[in-house]
Amino acid sequence: MHRLRFRRGKGIHLSVIFTAVVVLSVTLTAALNTIVGFEAQKDSLSTNTLELNQITANELSVAVDTIFDSMTQSLNAASVHFSNPENRGRQAGAWLDQSRGSTSFF
1 MHRLRFRRGK GIHLSVIFTA VVVLSVTLTA ALNTIVGFEA QKDSLSTNTL ELNQITANEL
61 SVAVDTIFDS MTQSLNAASV HFSNPENRGR QAGAWLDQSR GSTSFF
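Heads up: the sequence shown at position 2 corresponds to 2 in my numbering, and the numbers run straight through without jumps.
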């Protein structure tokens with residue numbers, strides 16, 4: 001029977017194996033931390049963007065509602081003014097010019 005003999009100098013030393021395991025684990029940990037951090041930052045950015053879009057949309061809807069309310073009031077005032085037959089003549093143009101000049105909606 002042959003005996004197995006381990007000769008010094010051939011093969012891999014235990015310190016090399018430990019070093020390789022440590023380097024591999026540090027590299028994998030750094031890679032995983034980078035990936036997880038990137039995903040978390042991407043999710044946070046998406047959430048912040050959606051929240052800011054919602055806030056902007058709400059502000060825009062309030063502004064548009066205000067404009068429509070003002071336009072409705074102007075049209076109501078014009079309809080009241082022109083419901084009187086005396087206001088439909090030559091003075092109508094002057095009144096309309098004044099209305100147009102006082103609001104920036106028309």
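Derived from the structure by calculation, the hints contain no laboratory data. Careful: at least some of the hints might be erroneous.
[Claimed, not checked] Here are the simulated lysine to any residue pairs, SDA-like style, with alpha carbons at most 20 Å apart:
1) Lys42 - Leu52
2) Lys42 - Ala30
3) Lys42 - Leu32
4) Lys42 - Asn53
5) Lys42 - Ser25
6) Lys42 - Gln54
[As the list claims (entries may be wrong)] If you anchor each label on the Cβ, the simulated ranges turn out as follows:
7) Thr49 - Thr72: 47 to 57 Å
8) Phe82 - Lys42: 38 to 48 Å
9) Val22 - Asp43: 51 to 61 Å
10) Asn48 - Thr27: 24 to 34 Å
All C-beta atoms, glycine included, are put in the ideal place defined by N, C-alpha and C.
Hint check results:
1. Between Lys42 and Leu52, the direct Cα distance comes to roughly 15 Å. Compliance with the 20 Å bound is thereby established for this hinted pair.
2. For the hint linking Lys42 to Ala30, the alpha-carbon distance of about 18 Å falls within 20 Å, and the restraint holds.
3. Between Lys42 and Leu32 the CA atoms are separated by roughly 15 Å; this keeps the pair inside 20 Å, and the hint holds.
4. For the given pair, Lys42 sits about 16 Å from Asn53 by alpha-carbon distance, which is consistent with the 20 Å threshold.
5. Restraint check for Lys42 and Ser25: not satisfied, since their Cα atoms lie roughly 25 Å apart, outside the 20 Å limit.
6. Between Lys42 and Gln54 the alpha-carbon distance is near 18 Å, which keeps this suggested pair within the 20 Å criterion.
7. Our hint of 47 to 57 Å for Thr49 and Thr72 is violated, since their Cβ atoms are close to 34 Å apart.
8. The hinted range of 38 to 48 Å is not satisfied by Phe82 and Lys42, whose Cβ atoms lie roughly 59 Å apart.
9. A hinted range of 51 to 61 Å for the beta carbons of Val22 and Asp43 is inconsistent with their spacing of about 32 Å.
10. At roughly 32 Å, the beta-carbon separation of Asn48 and Thr27 lies within the given 24 to 34 Å, and the hint holds.
In this structure, the earlier hints numbered 5, 7, 8, 9 are contradicted, and the remaining ones agree with it.
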